[in-house]
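Undergrad: Sequence:
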Amino acid sequence: MFEETLTYVTDGYMLSNAAILGAFGLVHWQQAGKAARGGWTGVYDQLLSWEKQAALMLAIILCVKTFRRQSAVALTADLFFYAKAAAAALCCCVDYRVFVLYSMLIALSLLLFPHPPAVLDHKVTLLTPAALKDRLKEQQKDGNPSGWLVMLYASWSPASLTFDHTFLNLARTYGKGGRLCFGKLDVSRWPHTAEEYGASLALGAQELPAVVLFEKGKAAEKLKGPDSSKAHSEKSRHDSGLESKILQCRTSRQTGPSGSVGVTRKEHSAASNPSFPVVAKDWAALALLLELDCSDDRPDTGLDTYIGRVNGRKAAVKVADAAQGKLALVHETGVYDHLKDLQGRYIPRVLQSGSTSDGMLFLATQYVQGTFQDWSEKAHLMPAMLEAILQVHCRGVAHGDIKALNTLFPDDVSSMRQRSAEPPWAPAMLVDFGSARMKAPLGILWREWDDIVDYLASDKLDEFLPSKSELKEKHRHGVQCLPIDDD
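Residue numbers (my numbering): 5 to 491.
Be a bit skeptical, because a hint or two may be false.
[What the hints assert, rightly or not] BS3-like mimics (lysine-lysine), calculated; alpha carbons at most 27 Å apart, straight line:
{"hint": "1", "residue 1": "Lys220", "residue 2": "Lys127"}
{"hint": "2", "residue 1": "Lys220", "residue 2": "Lys145"}
{"hint": "3", "residue 1": "Lys88", "residue 2": "Lys69"}
{"hint": "4", "residue 1": "Lys56", "residue 2": "Lys88"}
{"hint": "5", "residue 1": "Lys127", "residue 2": "Lys145"}
{"hint": "6", "residue 1": "Lys127", "residue 2": "Lys137"}
{"hint": "7", "residue 1": "Lys220", "residue 2": "Lys141"}
{"hint": "8", "residue 1": "Lys222", "residue 2": "Lys141"}
{"hint": "9", "residue 1": "Lys69", "residue 2": "Lys137"}
{"hint": "10", "residue 1": "Lys127", "residue 2": "Lys141"}
{"hint": "11", "residue 1": "Lys407", "residue 2": "Lys318"}
{"hint": "12", "residue 1": "Lys443", "residue 2": "Lys344"}
{"hint": "13", "residue 1": "Lys318", "residue 2": "Lys285"}
{"hint": "14", "residue 1": "Lys56", "residue 2": "Lys38"}
{"hint": "15", "residue 1": "Lys285", "residue 2": "Lys222"}
{"hint": "16", "residue 1": "Lys222", "residue 2": "Lys145"}
{"hint": "17", "residue 1": "Lys407", "residue 2": "Lys127"}
{"hint": "18", "residue 1": "Lys88", "residue 2": "Lys38"}
{"hint": "19", "residue 1": "Lys344", "residue 2": "Lys318"}
{"hint": "20", "residue 1": "Lys127", "residue 2": "Lys88"}
{"hint": "21", "residue 1": "Lys127", "residue 2": "Lys222"}
{"hint": "22", "residue 1": "Lys344", "residue 2": "Lys127"}
{"hint": "23", "residue 1": "Lys56", "residue 2": "Lys69"}
{"hint": "24", "residue 1": "Lys222", "residue 2": "Lys137"}
[As the list claims (entries may be wrong)] Computed beta-carbon distance windows for the label pairs:
{"hint": "25", "residue 1": "Ala223", "residue 2": "Asp454", "range": "47 to 53 Å"}
{"hint": "26", "residue 1": "Ala326", "residue 2": "Leu205", "range": "36 to 42 Å"}
{"hint": "27", "residue 1": "Pro195", "residue 2": "Met442", "range": "38 to 44 Å"}
{"hint": "28", "residue 1": "Ala288", "residue 2": "Glu200", "range": "45 to 51 Å"}
{"hint": "29", "residue 1": "Ala63", "residue 2": "Ser204", "range": "49 to 55 Å"}
{"hint": "30", "residue 1": "Met442", "residue 2": "Leu409", "range": "20 to 26 Å"}
{"hint": "31", "residue 1": "Leu25", "residue 2": "Ala206", "range": "29 to 35 Å"}
{"hint": "32", "residue 1": "Ala59", "residue 2": "Gly37", "range": "17 to 23 Å"}
{"hint": "33", "residue 1": "Asn315", "residue 2": "Leu205", "range": "57 to 63 Å"}
{"hint": "34", "residue 1": "Tyr100", "residue 2": "Pro445", "range": "43 to 49 Å"}
Calculated from the structure, these hints are not laboratory results.
Where a beta carbon is used, it is the ideal one built from N, C-alpha and C, also for glycine.
Build out the structure end to end from the sequences listed, making use of the hints.
TA: This is the structure:
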């Protein structure tokens, strides 16, 4: 990730844009020099006023674009565009000749240093029309369960270049296990391919980028890429259906009676996902199988939690029926699998996960019986909780929602007397990893740790906390080394 960021920052596109914006500084310096030598500051004063207005406009755009961003790359491209437009307008206000030269400089940079595509990755295959046909022929063979998700893009399309980075992130997230392969094809080089799959290359059509799903050698569905006129936030990416469609393509597609590929009515059914095998026919059968403590009504929210039993053991069961709830449950199941060596000690043990024939998903974990502790009165429990968080961090996972309700202690802990800061400590378990982030950068892990210590009123807990050197050593073993100050 660091290498990708470094490559992008040092690319000619970034450097040329920085140089263009720096060139406007020369215009400002020239006008300041004229005002100082001639004593007439009319143009310079006007320039300062215009610059303040332009800075305010850019600040507003930055706030809006940050909230509506599709990715950091798209945000950077938008900011460069608006900043160069503002600088060109200011040059026009100063002198039309300066404006012409500045516009030529911008045009030259666009020709020589276009927006860079995403860094090549083995998760995304560069395709030609012939290579795509070969892949589709292989897909038609019996026993080949993989599907292909192909992005149709044009090298001259800014929307395609910014979406390229998002498509790469989706491939890295969902291109595991060989069930779904990702590829991209530059239709600006082969216009007939764009026409074949119903994508127009016209500038006003706004049909690029487009994503086409191939199953059993045929185009099963065309998914439109993000609309530049709509919000580019993470929420809009989910709401636009692209990410949910990808998950649906991995898990819920089946062959119709005529041999064509159809889509099941229930989204995100995981009947073919090994992590969610079908164990019951419907909600009533699932409630009976897991002995759920609930009525016979189906859950009416995205993600509901019940108390049940798995093989005679009391369990906390999460059931998801809505699309967004299923995405969250699939993510949480992946986090538990990533932390499997901590199950039963620092996080609950996963007892069973599965699905119903009509598309519901469930995740059953061991039920931790106990009462919530008052942290201000149970300071001797803090080392145990911090140790649990530290173990999760050492595996590159940021919990994302640390609070009293998500920190459980068994019943016998409430009767324990105050312990020293030396292990072994009282057991503590973290639950609810729906907001967790796997492979979290060190900065995010450190910020979460810093927020936790501040939240626990560290000035009252110094005698119970492990020494900083000990924490530093443990972080070094788990996630290299988080910078913990000694003062």
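Undergrad: Please go over all the hints and tell whether each is borne out by the structure.
TA: Checked hints:
1. A distance of roughly 20 Å separates the Cα atoms of Lys220 and Lys127; the hinted pair therefore holds under the 27 Å criterion.
2. Distance check on the hinted pair: Lys220 and Lys145 sit about 8 Å apart at the alpha-carbon level, within 27 Å; holds.
3. Straight-line distance between C-alpha atoms of Lys88 and Lys69 comes to about 16 Å, which keeps the hinted pair within the 27 Å bound.
4. At most 27 Å may separate the alpha-carbon atoms for a hinted pair to count; Lys56 and Lys88 meet this at roughly 15 Å.
5. Proximity of Lys127 to Lys145 is assessed by CA-CA distance (about 22 Å); at most 27 Å being required, the pair is judged to hold.
6. Pair hint Lys127 plus Lys137 holds up; C-alpha atoms about 19 Å apart against a cutoff of 27 Å.
7. This hinted pair checks out: Lys220 and Lys141 have alpha carbons roughly 8 Å apart, not beyond 27 Å.
8. The straight-line distance between the Cα atoms of Lys222 and Lys141 is roughly 9 Å, inside the 27 Å bound, and the hint therefore holds.
9. A C-alpha spacing of about 39 Å is found between Lys69 and Lys137, which places the hinted pair above 27 Å, so the restraint is violated.
10. In summary, the hint linking Lys127 to Lys141 is supported, as the alpha carbons are separated by about 20 Å, within the 27 Å threshold.
11. In summary, the hint linking Lys407 to Lys318 is supported, as the alpha carbons are separated by about 24 Å, within the 27 Å threshold.
12. Proximity of Lys443 to Lys344 is assessed by CA-CA distance (about 15 Å); at most 27 Å being required, the pair is judged to hold.
13. Restraint check for Lys318 and Lys285: the C-alpha separation of about 22 Å stays at or below 27 Å, so the hint holds.
14. Restraint check for Lys56 and Lys38: satisfied, since their Cα atoms lie roughly 20 Å apart, inside the 27 Å limit.
15. Taken as a hint, the Lys285 and Lys222 pair is broken in the structure, with Cα atoms around 31 Å apart against an allowance of 27 Å.
16. With a C-alpha separation of about 12 Å, the suggested pairing of Lys222 with Lys145 holds against the 27 Å cut-off.
17. With a C-alpha separation of about 37 Å, the suggested pairing of Lys407 with Lys127 is violated against the 27 Å cut-off.
18. Straight-line distance between C-alpha atoms of Lys88 and Lys38 comes to about 24 Å, which keeps the hinted pair within the 27 Å bound.
19. At roughly 19 Å between alpha-carbon atoms, Lys344 and Lys318 fall within 27 Å of each other, so this suggested pair holds.
20. Distance hint between Lys127 and Lys88 is unfulfilled; the C-alpha atoms sit about 35 Å from each other, more than 27 Å.
21. Restraint check for Lys127 and Lys222: satisfied, since their Cα atoms lie roughly 21 Å apart, inside the 27 Å limit.
22. At roughly 26 Å between alpha-carbon atoms, Lys344 and Lys127 fall within 27 Å of each other, so this suggested pair holds.
23. Between the alpha carbons of Lys56 and Lys69 the distance comes to roughly 20 Å, so the proposed pair stays at or under 27 Å and holds.
24. For a cut-off of 27 Å, the pair hint linking Lys222 to Lys137 stands: about 10 Å separates their Cα positions.
25. Separated by about 50 Å at the C-beta atoms, Ala223 and Asp454 satisfy the suggested range of 47 to 53 Å.
26. Checked against the given bound of 36 to 42 Å, the beta carbons of Ala326 and Leu205, roughly 37 Å apart, stay inside it.
27. Between Pro195 and Met442, the C-beta spacing of about 41 Å keeps the proposed range 38 to 44 Å intact.
28. Between Ala288 and Glu200 the Cβ separation comes to about 47 Å, which falls inside the hinted range of 45 to 51 Å.
29. For the hinted restraint 49 to 55 Å between Ala63 and Ser204, the CB-CB distance of approximately 37 Å leaves it violated.
30. As the Cβ distance of Met442 to Leu409 is approximately 22 Å, the hint placing it in 20 to 26 Å holds.
31. The beta-carbon spacing between Leu25 and Ala206, approximately 32 Å, falls within the hinted interval of 29 to 35 Å.
32. Hint check: Ala59 to Gly37, Cβ distance near 22 Å, so the stated range 17 to 23 Å holds.
33. Taking 57 to 63 Å as the suggested C-beta distance range, the pair Asn315 and Leu205 conforms, at roughly 58 Å.
34. Checked against the hint of 43 to 49 Å, the C-beta distance between Tyr100 and Pro445 comes to roughly 47 Å, which is consistent with it.
Checked against the numbered hints above, the structure breaks hints 9, 15, 17, 20 and 29 and satisfies the rest.
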